[in-house]
Amino acid sequence: MSEAIITADRLGKRYILGEHLGSSPPMLREVVAHRLREMRGLLTGVRREKPRGEEFWALKDVSFEVRPGEVVGLVGRNGAGKSTLLKVLSRIVDPTTGMARLRGRVASLLEVGTGFHQELTGRENIYMNGTILGMRKAEIDRKFDAIVAFSEIEEFLDTPVKRYSSGMYVRLAFAVAAHLEPEILIVDEVLAVGDATFQKKCLGKMQDVASGDGRTILFVSHNMGAMAQLCDRGILLEHGRITADGPVRNAIEKYLQANADHRSARATFPIDPSKASQVISMEIRPVGGDKPTVQYSCDESFVVRVEYEIRSQVGGTRFWFTVLNLEGIRVFFSEFRDADSEISTRLKPGRHTFEITFPPRLLAEGTYVIDVAVDREFVGLIDHHANCCEFTLRDMIPQRTDRPGFFSTLLPWKLVDTTAAL
Amino acid sequence: MSTNTEATTAAVELADSPLVSSIANINNEKHDYSRESSREASEVVIRPRTGWIAIDWREMWTYRELFYYLVMRDVSVRYKQTVLGPAWAVIQPLLTMIIFTVIFGRGLEIPSEGFPYPIFVFAGLLPWTLFSQGLSASALSLVNQQQLLTKVYFPRLFVPVASACVFLIDMAVSAGIYAVLFLFFHATQGTSPSWWTLPMLAYLVPMTMVATLGMGLALAALTVFYRDFKHLVPFLVQILMYVSPVFYPARLVKDWWPILALNPMFGIIDGYRYAILGLPCNPGALAISSATAVGMFLFSLFYFRKTERQFADFA
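Residue numbers (this note's numbering), protein chains in the order written: chain A, 1 to 422; chain B, 1 to 315.
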């Protein structure tokens with residue numbers, strides 16, 4: 001086995017609450033007062049503990065090694081330290097303790113379109129963004145046509161990007177990023193933007209990068225499906241520490257199970273008036289029942305009940321949810337136009353509750369989680385809650401339990417020929 | 001409608017289908033140039049840094065193209081969506097000259113040492129504009145570009161330095177206008193400019209940048225931590241203008257010059273008048289000012305390097 005291309009040795013990152021994480025940086029007045037207190041302490045010989053805020057370790061004792069060509073997914077709840085780890089490895093923030101070693105050219109993609117300037121044209125921004133991400137001008141010159149073709153925005157190349165739709169903007173930014181050729185690629189949750197078709201294209205390009213040239217990728221996403229598909233190895237971070245490191249499916253499963261306490265058959269979401277539309281609540285209940293329930297038999301129907309609020313009427317808005325199994329595989333997708341393709345034109349601002357009935361014997365036995373979201377064509381996600389509700393299906397008939405596969409549908413075995421008399 | 005359906009299917013497929021054919025054509029151009037691409041291959045060691053940190057010249061050299069694009073971005077953005085466009089680069093210095101001439105030359109009758117006041121004041125405005133604009137821009141450069149600091153790694157020094165360097169281009173334009181006025185003046189007088197102008201400027205222009213960054217770098221770093229400086233900088237620039245011989249000849253301050261020369265721009269502007277107009281120069285003032293400029297620059301540079309590792313935490 002070749003030598004590790006990334007080595008992290010007991011990395012730690014400490015923040016002092018109120019100092020860094022406060023909404024605003026410290027006021028000069030506070031610092032001057034603090035220094036004066038310190039000086040007075042020196043003069044009077046009274047040494048007091050520095051009046052510091054509460055400590056918070058965003059990362060603690062994080063050690064791992066990555067071999068060349070590995071594609072590693074970082075899994076964990078928001079605030080578990082995934083982004084901090086990527087920032088440390090990208091040299092954007094310094095670690096407080098520990099050490100990391102990266103052998104090879106690194107490119108980090110922590111945001112879509114870093115360095116894009118609204119007033120510059122698409123062409124100018126390709127060069128700006130490309131050099132910021134670590135490309136040489138000569139390299140961009142050479143790849144220019146490929147980048148433009150990938151972005152599908154040829155006609156608008158000489159238009160300032162402020163005139164672009166958000167979809168075009170994301171496409172252009174991704175096109176540049178997709179043509180990076182580092183030995184180590186660090187990617188934060190950037191695939192959450194952009195429409196699904198384009199996301200797919202980017203995932204494909206990333207996968208090509210990984211398998212094609214044996215490039216090493218460190219990847220964060222809340223999209224467990226993408227993660228399971230793209231990565232060979234998963235690292236689970238919880239409260240800044242690594243709690244699992246191994247095959248990606250194990251990490252995802254552990255992640256989804258570890259968060260089982262936080263889930264139930266009902267979830268409500270904070271109101272955020274800045275969003276054009278959002279999900280208010282989601283719950284899973286039996287047909288005809290009014291209590292959220294987690295357990296169902298494979299033979300019964302159950303209802304997913306989702307409440308949305310539309311604040312401003314916007315065309316192209318889509319309400320949907322996906323059902324994932326505990327391996328993080330998306331087994332089912334459903335959206336509000338499935339039953340009525342014209343529904344989006346009829347919904348007015350206000351609150352709307354939908355009930356979606358799952359027929360009996362659709363999904364196989366097991367525990368499932370639901371991702372619920374609102375997105376908009378060419379804009380991407382407006383509101384998204386991953387793994388918010390959970391339900392478990394059990395097959396009550398002994399001969400049908402423990403079957404492999406994704407479905408519990410019973411197929412009609414019709415006896416059409418036999419040599420024995422019935 | 002069709003796009004929507006496509007998007008829906010795509011989202012479902014994501015999980016199970018090996019994504020392929022649609023992208024195959026893009027990937028055909030298999031790359032054999034990855035060797036020479038991007039930054040030089042090297043080992044990076046990341047560990048907590050403390051104390052003073054040396055300047056990594058090699059790294060800055062590797063990133064030199066980024067520096068070029070940072071400067072060009074500011075230049076090309078400046079006059080976008082203006083009717084007059086780049087003409088502003090010519091109008092601005094001329095307008096400033098006219099305003100100063102009307103107020104200080106005509107109004108207050110400030111002596112212009114035997115030259116027409118516009119010729120006299122322009123020689124001071126050239127370095128002053130570079131300094132004041134460069135200082136304000138570099139002081140605000142980091143806070144105005146926080147998203148860069150928190151999302152990508154590159155030599156942080158580039159941000160304030162590039163912001164200040166943009167004004168070298170403005171200065172070149174102003175110098176062109178000035179050269180026309182100046183040569184016209186000499187022609188009417190039947191005199192000719194002196195030979196030492198160019199060698200002197202070769203010293204003075206870099207020294208002006210040193211003075212600008214001497215304050216700009218430290219202020220840029222301080223502004224990240226304390227936004228108070230955002231409000232302080234305009235006052236600082238204003239005060240410095242009054243204690244620099246921009247609109248008056250340096251000799252007017254009489255015996256106060258050794259103190260005023262602690263302001264780097266005092267001696268430097270006096271030097272420009274000597275270089276361009278051949279006015280008597282105070283070598284002592286230029287020496288003191290140069291020394292403070294270099295001293296402040298070194299301090300600023302190291303303060304910046306010392307604090308830059310915290311920028312992303314505070315930005």
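Everything labelled a hint here was simulated from the structure, so no lab data went into it. Virtual Cβ for every residue (Gly too), placed ideally from N, Cα, C. Treat the hints with care, since some could be wrong.
As the list claims (entries may be wrong) - Label pairs and their calculated CB-CB ranges:
hint	chain 1	residue 1	chain 2	residue 2	range
1	B	Ile53	A	Glu152	39 to 45 Å
2	B	Ser76	A	Asn250	50 to 56 Å
3	A	Lys162	B	Ala187	43 to 49 Å
4	B	Gly176	A	Gly79	53 to 59 Å
5	A	Gly79	B	Leu236	50 to 56 Å
6	A	Thr7	B	Phe302	39 to 45 Å
7	B	Asn144	A	Phe269	53 to 59 Å
8	A	Gly79	B	Trp52	44 to 50 Å
9	B	Lys306	A	Thr345	44 to 50 Å
10	B	Trp88	A	Ser341	17 to 23 Å
11	A	Thr7	B	Trp57	25 to 31 Å
12	B	Tyr242	A	Lys162	54 to 60 Å
13	A	Glu342	B	Trp88	30 to 36 Å
Do the hints match the structure? See the list:
Between Ile53/B and Glu152/A the beta carbons are some 44 Å apart, a value that agrees with the proposed interval 39 to 45 Å. Distance hint check: the CB atoms of Ser76/B and Asn250/A are about 51 Å apart, consistent with the given range 50 to 56 Å. Between Lys162/A and Ala187/B, the C-beta spacing of about 48 Å keeps the proposed range 43 to 49 Å intact. A hinted range of 53 to 59 Å holds for the C-beta pair Gly176/B and Gly79/A, which are about 56 Å apart.
Checked against the given bound of 50 to 56 Å, the beta carbons of Gly79/A and Leu236/B, roughly 40 Å apart, lie outside it. Separated by about 30 Å at the C-beta atoms, Thr7/A and Phe302/B break the suggested range of 39 to 45 Å. Range check, Asn144/B to Phe269/A: about 34 Å between beta-carbon atoms, so the 53 to 59 Å window is missed. A hinted range of 44 to 50 Å for the beta carbons of Gly79/A and Trp52/B is inconsistent with their spacing of about 34 Å.
As the Cβ distance of Lys306/B to Thr345/A is approximately 60 Å, the hint placing it in 44 to 50 Å is violated. Remark: the range hint 17 to 23 Å for Trp88/B to Ser341/A is contradicted by a beta-carbon distance near 54 Å. Between Thr7/A and Trp57/B the Cβ separation comes to about 27 Å, which falls inside the hinted range of 25 to 31 Å. Checked against the hint of 54 to 60 Å, the C-beta distance between Tyr242/B and Lys162/A comes to roughly 40 Å, which is inconsistent with it.
Range check, Glu342/A to Trp88/B: about 53 Å between beta-carbon atoms, so the 30 to 36 Å window is missed.
Checked against the numbered hints given earlier, this structure breaks hints 5, 6, 7, 8, 9, 10, 12, 13; the rest are met.
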